[in-house]
Amino acid sequence: GDSVTQTEGPVTVSESESLIINCTYSATSIAYPNLFWYVRYPGEGLQLLLKVITAGQKGSSRGFEATYNKETTSFHLQKASVQESDSAVYYCALGASNSNNRIFFGDGTQLVVKP
Amino acid sequence: DPKIIQKPKYLVAVTGSEKILICEQYLGHNAMYWYRQSAKKPLEFMFSYSYQKLMDNQTASSRFQPQSSKKNHLDLQITALKPDDSATYFCASSQDSSSYEQYFGPGTRLTVL
Numbered sequence: 001g002d003s004v005t006q007t008e009g010p011v012t013v014s015e016s017e018s019l020i021i022n023c024t025y026s027a028t029s030i031a032y033p034n035l036f037w038y039v040r041y042p043g044e045g046l047q048l049l050l051k052v053i054t055a056g057q058k059g060s061s062r063g064f065e066a067t068y069n070k071e072t073t074s075f076h077l078q079k080a081s082v083q084e085s086d087s088a089v090y091y092c093a094l095g096a097s098n099s100n101n102r103i104f105f106g107d108g109t110q111l112v113v114k115p
Numbered sequence: 001d002p003k004i005i006q007k008p009k010y011l012v013a014v015t016g017s018e019k020i021l022i023c024e025q026y027l028g029h030n031a032m033y034w035y036r037q038s039a040k041k042p043l044e045f046m047f048s049y050s051y052q053k054l055m056d057n058q059t060a061s062s063r064f065q066p067q068s069s070k071k072n073h074l075d076l077q078i079t080a081l082k083p084d085d086s087a088t089y090f091c092a093s094s095q096d097s098s099s100y101e102q103y104f105g106p107g108t109r110l111t112v113l
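The listed protein sequences correspond, in order, to chains G and D. Heads up: the first sequence at position 94 corresponds to 94 in the numbering used here, and the numbers run straight through without jumps. Heads up: the second sequence at position 37 corresponds to 37 in the numbering used here, and the numbers run straight through without jumps.
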C-alpha cells in the first residue's frame, strides 16, 4: 500500500548541531507521488514546511532541506544548524494530485532542541 | 486571523451520543478534507470534498457523515459515538482537488467516555 515511515522520536539535539530525520515512502498506487514535510509547533496547528513534486528535486524552507530520491524512495529532512525554536513535531507525508488528493502521513518525529 | 476555524477546540461526549464538528475556511478554497489522529497513530485521511461534492471516503463507518451547507464549510457529524472515536479531528482545505498544498485547521480533540 501507500505509506510513510520516518525516524521514531523523540530526537534530541543541541542547538547549532546538525539534524537529519529519515523518511522513506511506499507509493504502490500513486504513479507520481508528491512528498511533503509538515510541522506542528507547540500549541499550533499543522503547517506545511516544504514540498517537492518532482523526483530528483530539492525543497527548502526555514533552513531545512529535503531531496526527493526516487531510487531509494526517501525524503530525509536535514538542517545544518538547529535552533531551539525548531523544537516541534515533524511529519513526512506522501500525496498525489488527483481527484481524491489524499495525503498519507508518517507517525511524526518529535524534535527537542536543547539550548 | 485564523484562516481555517474548527469548533470546538475540545469536546467531551458520552458513548452513544451524537456530535457535530465544525469547520470553516476563509482561504477561498474549493476542496476540503477531514483527517483523524488517534492516540499513537498517524494522521489518517477520512473524506475529501470538491465544490461541496464528496470525492473520496475512506471511513468504513456510516456513523461519520460530512455536511457541506456552504462552499467554505465542511462539518463532520458523528453519531452513536464510541470510545474508539476519541481522537483529534483535523479539517484541511486546498485551492482545488488537484492542488499540491493542503492547509490544516487547529483540530478538535474529541474524547468519548
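The reader is advised that the hints may include incorrect statements.
As the list claims (entries may be wrong) - Capping the alpha-carbon separation at 27 Å, the derived lysine-lysine pairs in DSS-like fashion look like this:
1. 40/D to 51/G
2. 40/D to 53/D
3. 41/D to 70/G
Claimed, not checked - Some residues of chain G that are not near chain D, with every Cβ distance over 12 Å (derived):
4. 22
5. 34
6. 52
7. 78
Note that these hints are calculated values from the structure, not bench results. As the structure is a computational prediction, the values presented were derived from the model and not from experiment. Just so it is clear, CB atoms sit at the ideal spot from N, CA and C, and this is done for glycine as well.
Verification of the supplied hints:
| no. | hint | in the structure |
| --- | --- | --- |
| 1 | 40/D to 51/G | holds (25 Å) |
| 2 | 40/D to 53/D | violated (31 Å) |
| 3 | 41/D to 70/G | holds (26 Å) |
| 4 | 22 | holds (16 Å) |
| 5 | 34 | violated (5 Å) |
| 6 | 52 | violated (10 Å) |
| 7 | 78 | holds (21 Å) |
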